[in-house]
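**Student:** Here is how the chains run, residue by residue.
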Amino acid sequence: MNRFFWKETIDVILHSLKQILDKAHGFLGTAAQICFACGKNAPLNREFAGICDACARAIPWIVRPRCLACGRAIGCPDCSRTGPNERAFVLNRSAVMYNGLMREWLAQYKYRGNERYAGLLAGMLARAYALMERELSPEGRNRHLRVGQMSRWMVHAVTSVPVSDVRLRERGFNQAEVMATELARQIKVPYLRLLQRKRHTDKQSFKTRMDRMRDMEDAFVTRPHAIELLSRALAAASAEKRMNMVLDRSNDALLPLRVLLIDDIYTTGSTVHACAEALRKHEKALGQPIEVYCLTWARS
Amino acid sequence: MQMIVYAVRTTDAWRCYLSLDMQVDLQWWYGDGEGQREISDRPHRMVILASSIPLGWAAVIRDTFRPLQEMDQWGGDEWQGYVDKKIASYISEEPERNQARWRTVTQDVRVLDERAVLSGWTPRGSEEWKALMRQAEQLICAIEGRALLAGEIEALLTEAAGGTGGWRSAAQLGVLLGRLRMEAGLAQPAPRVPPGRLRRGRAMAPRCRRCGSEARSRTACAACGSAACAYCEACLAMGRSRACTLLLHGAAGPAVRGTAGGSPTAALGRWGLSAAQSAAAGAALRFLAEPPVGSSAGPARFLIWAVTGAGKTEMIFPLLQAVLDAGGRVLVAAPRRDVVLELAPRLSKAFPDEQVITLYGGSPERWKRGSITLATTHQLLRFREAFDLVVIDEIDAFPYHNDPMLAYAARNACKKEGKYIYLSATPPAPLQREAARGRLPHAKVPARFHGHPLPVPRKLKIFPVHRCLQQRRLPLPLVRSLRASLSRGAQVFLFVSRIRHIAPFLELLQQSMPDMPMEGTSSVDPARADKVMAFRQREIRLLVTTTILERGVTVPKSDVYIVDANSDLFDEAALIQMAGRAGRSKDDPAGRVVFAAPQWTRSQSLAVRQIKQMNRIAGKGGYLRIEFR
Numbered sequence: 001m002n003r004f005f006w007k008e009t010i011d012v013i014l015h016s017l018k019q020i021l022d023k024a025h026g027f028l029g030t031a032a033q034i035c036f037a038c039g040k041n042a043p044l045n046r047e048f049a050g051i052c053d054a055c056a057r058a059i060p061w062i063v064r065p066r067c068l069a070c071g072r073a074i075g076c077p078d079c080s081r082t083g084p085n086e087r088a089f090v091l092n093r094s095a096v097m098y099n100g101l102m103r104e105w106l107a108q109y110k111y112r113g114n115e116r117y118a119g120l121l122a123g124m125l126a127r128a129y130a131l132m133e134r135e136l137s138p139e140g141r142n143r144h145l146r147v148g149q150m151s152r153w154m155v156h157a158v159t160s161v162p163v164s165d166v167r168l169r170e171r172g173f174n175q176a177e178v179m180a181t182e183l184a185r186q187i188k189v190p191y192l193r194l195l196q197r198k199r200h201t202d203k204q205s206f207k208t209r210m211d212r213m214r215d216m217e218d219a220f221v222t223r224p225h226a227i228e229l230l231s232r233a234l235a236a237a238s239a240e241k242r243m244n245m246v247l248d249r250s251n252d253a254l255l256p257l258r259v260l261l262i263d264d265i266y267t268t269g270s271t272v273h274a275c276a277e278a279l280r281k282h283e284k285a286l287g288q289p290i291e292v293y294c295l296t297w298a299r300s
Numbered sequence: 001m002q003m004i005v006y007a008v009r010t011t012d013a014w015r016c017y018l019s020l021d022m023q024v025d026l027q028w029w030y031g032d033g034e035g036q037r038e039i040s041d042r043p044h045r046m047v048i049l050a051s052s053i054p055l056g057w058a059a060v061i062r063d064t065f066r067p068l069q070e071m072d073q074w075g076g077d078e079w080q081g082y083v084d085k086k087i088a089s090y091i092s093e094e095p096e097r098n099q100a101r102w103r104t105v106t107q108d109v110r111v112l113d114e115r116a117v118l119s120g121w122t123p124r125g126s127e128e129w130k131a132l133m134r135q136a137e138q139l140i141c142a143i144e145g146r147a148l149l150a151g152e153i154e155a156l157l158t159e160a161a162g163g164t165g166g167w168r169s170a171a172q173l174g175v176l177l178g179r180l181r182m183e184a185g186l187a188q189p190a191p192r193v194p195p196g197r198l199r200r201g202r203a204m205a206p207r208c209r210r211c212g213s214e215a216r217s218r219t220a221c222a223a224c225g226s227a228a229c230a231y232c233e234a235c236l237a238m239g240r241s242r243a244c245t246l247l248l249h250g251a252a253g254p255a256v257r258g259t260a261g262g263s264p265t266a267a268l269g270r271w272g273l274s275a276a277q278s279a280a281a282g283a284a285l286r287f288l289a290e291p292p293v294g295s296s297a298g299p300a301r302f303l304i305w306a307v308t309g310a311g312k313t314e315m316i317f318p319l320l321q322a323v324l325d326a327g328g329r330v331l332v333a334a335p336r337r338d339v340v341l342e343l344a345p346r347l348s349k350a351f352p353d354e355q356v357i358t359l360y361g362g363s364p365e366r367w368k369r370g371s372i373t374l375a376t377t378h379q380l381l382r383f384r385e386a387f388d389l390v391v392i393d394e395i396d397a398f399p400y401h402n403d404p405m406l407a408y409a410a411r412n413a414c415k416k417e418g419k420y421i422y423l424s425a426t427p428p429a430p431l432q433r434e435a436a437r438g439r440l441p442h443a444k445v446p447a448r449f450h451g452h453p454l455p456v457p458r459k460l461k462i463f464p465v466h467r468c469l470q471q472r473r474l475p476l477p478l479v480r481s482l483r484a485s486l487s488r489g490a491q492v493f494l495f496v497s498r499i500r501h502i503a504p505f506l507e508l509l510q511q512s513m514p515d516m517p518m519e520g521t522s523s524v525d526p527a528r529a530d531k532v533m534a535f536r537q538r539e540i541r542l543l544v545t546t547t548i549l550e551r552g553v554t555v556p557k558s559d560v561y562i563v564d565a566n567s568d569l570f571d572e573a574a575l576i577q578m579a580g581r582a583g584r585s586k587d588d589p590a591g592r593v594v595f596a597a598p599q600w601t602r603s604q605s606l607a608v609r610q611i612k613q614m615n616r617i618a619g620k621g622g623y624l625r626i627e628f629r
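Protein sequence lines correspond, in order, to chains A and B. Using the UniProt record's numbering, you'd call the opening residue of the first sequence number 1 and step up by one each time. Using the UniProt record's numbering, you'd call the opening residue of the second sequence number 1 and step up by one each time.
Among the hints, a few may not be true.
[Said to hold, decoys possible] Cβ pair distances, simulated, as ranges: (1) A:104 x B:353: 42 to 48 angstroms; (2) A:107 x B:590: 48 to 54 angstroms; (3) B:120 x A:107: 42 to 48 angstroms; (4) A:196 x B:9: 40 to 46 angstroms; (5) A:223 x B:76: 34 to 40 angstroms; (6) A:104 x B:289: 28 to 34 angstroms; (7) A:107 x B:9: 47 to 53 angstroms; (8) B:151 x A:223: 49 to 55 angstroms; (9) B:529 x A:46: 38 to 44 angstroms; (10) A:196 x B:151: 20 to 26 angstroms; (11) B:73 x A:118: 47 to 53 angstroms; (12) B:368 x A:104: 26 to 32 angstroms; (13) A:107 x B:95: 25 to 31 angstroms.
Calculated from the structure, these hints are not laboratory results. Computed from a predicted model, the values in this text were never measured in an experiment. Backbone N, C-alpha and C define an ideal beta-carbon position, used for all residues, glycine too.
Pulled out of the complex, with its shape left as it was, chain A reads as follows (with noise of 0.2 angstroms):
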């Protein structure tokens, strides 16, 4: 009896003890932090602002893609199918996977307009960007460049897929547009304003893929002062090229305008396809080759 009554005492002390301590801590401590996206109340990720570790950790990214072509990160029948399989741009890298939990953020985002992700996705987007520049760049994964070695792969232009006009004031945003900005501002490439959807076509996720291409034939066309923009960023590109030159003397003259297409979701590539079309028709008055990348925020 009596060991019970000092190890009762003793667990009474420590009990008020532990409740003084906690009081202090979330007196002291940081204010409380809920993460945006599980709503729970946990230490928040350094590098994606706003979300909690376990959130970041689930991220399921596309490290390496199996298809070099589109990116995908399981086997691609669609790529090596034979027949017509044109691609107007030369390959598509995407920062995930589109698993249920992307797909939910997308759907928190995209229909249900909360807007606290969209620093989330451009920040995702600005990681898989680093990861195709590191992947595409001559030295490969070589990473310690030297100084004046300016043989890097970059882009020279940013753009993104438009929205219809109807579904644009429904939405109040363009996700792709918001994700291409933010990109553009982080890598110091201008941000252009290429492209136009023709006509209000049906919501995607409804269709088959027979559907989609179909669907997608004409859809968009290039913005009026489209000529200009990349007129004035090839300038810009054919400027620092030959600064670099001198550097560089990698002596490729021909230099093709890299124009980075972003988009949210990458599902048969019709619509990436359909908007690098209506760039490349351009390519007469420019005088150049224009390449278009495509960076999509997940695969599915």
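Please build the complex by placing chain B on the supplied structure of chain A, with the hints as guidance.
**Tutor:** Chain B in isolation, oriented as in the chain A frame:
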């Protein structure tokens, strides 16, 4: 979205309107057909104040519009100055690069004389106008007592009328008829006060008109053109409420009073209530028959404080009946979806002639109308001043507790002269205080429907659970007591304070009673419903769980054990609710309740005191069949 806002000089005064379809307005004010403006003369003058500004700003112009004598003499410049002053503070909140654009866009005040009006207006034929009138009537009926966003209206019309064709014109006519009201999703705060000596000018956030939360997120919006258009994050799940989205509110008729037709006893007879139930229901009926109080204090409230197992649901039937008989609409709000689903068939059975609409997230009856609406609290956000009687079940339960959004929604769903009835076994402290001080009329139901006293919890001194788990040994007194309960044939609820204790504690229990079927469940258990069902059917004899099962679960012949009853997570209300699981059935009214803990805390003693007090009141009131010692 963007809006047109205009002022019009009628024979008596200047008025200001928002417009979704200016053609409807022109016909209303200048047309000659049937069902037009209530004033016979055409207006003297009409001034378009702005034709493409964010709805939020337009609504501010309208809401702050006060007719002035000198407006009759104003020309375009004066009107322009008037508009500029009203929206200056909103333009200054835009980023610099946008301000110049907004200043030019808003320079479009047009003073219209009759000739200018006639040139810009293509009148509809009288048949077409009548069709529009019918459409407006339909819309008015469909959204009576609701406040809906544009997207929700479209969803409602698609379901109710099979299409949304031209609803904006119909809505505009509804506004002109005075039956609908257009608002912005967020209420703009008053313009910033210049910093004074005592208080600094603090930027106030706009408030959501639907859920009452402050909207602190601002983003660029393609729909209205503003670069800092605020939206509400709190009620996003019900569609986004923005500073520039249209919120259309359909006015409902005046509130009816619950008739105390004849004596309350006659009204009560039909429902077969116990004496204790009848007394409280009678008091509530008298409350319903009272004339409405001044609307400044909001709708009148009444608390029914009924012990666990008193039969609260049956008690509300006569109250619903009284309001329905007077032609009113009633709402029963419950905290959780499973409660709503359990209540729905009971209400349908009690009121076979009334249409009972059940609303919860994803409910197929989302846009239906009925005389009885049964809803989870979140669904109330879609109603405004719709109901004559609002009954809120388990006012103390999650998620009303500490959620101002739901409190706001519940407050708004009731008509201004309507009535509230709160039900609870453990009212929150502020309500208890109000009741004790006589500010909140209330009735207590101190006895259970079967007329037996509430089981009074017994103390059992044991080590804390974490210590038991460390030593991998259960306290002997607890095991002895549990064995006694099980051998008398009772189902045992064993409540622990933490989810992580469930599995190891269950293991220890299983070791000491190997042949007894037992399970553990919690909020994170996907098989919870199955386990509770098995427990009810006596396939499982002992269930280890957390407060998730503290209410709403009725299992015949059950005993309740609460270990770590001294935990901070168990407040007085939780302890009473858990204790209330025992002895609910007529056949076994004297279930056992055990508070097992190393210490006796204030919450425990308050819980025991309240239980004993209720038993005492019941005994004095003569509601107990067996004399309570």
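**Student:** Does each hint hold? Answer for all of them.
**Tutor:** How the hints compare with the structure:
no.	hint	in the structure
1	A:104 x B:353: 42 to 48 angstroms	holds, 43 angstroms
2	A:107 x B:590: 48 to 54 angstroms	holds, 53 angstroms
3	B:120 x A:107: 42 to 48 angstroms	holds, 43 angstroms
4	A:196 x B:9: 40 to 46 angstroms	holds, 43 angstroms
5	A:223 x B:76: 34 to 40 angstroms	holds, 36 angstroms
6	A:104 x B:289: 28 to 34 angstroms	violated, 50 angstroms
7	A:107 x B:9: 47 to 53 angstroms	holds, 49 angstroms
8	B:151 x A:223: 49 to 55 angstroms	violated, 29 angstroms
9	B:529 x A:46: 38 to 44 angstroms	holds, 40 angstroms
10	A:196 x B:151: 20 to 26 angstroms	holds, 25 angstroms
11	B:73 x A:118: 47 to 53 angstroms	holds, 50 angstroms
12	B:368 x A:104: 26 to 32 angstroms	holds, 29 angstroms
13	A:107 x B:95: 25 to 31 angstroms	holds, 29 angstroms
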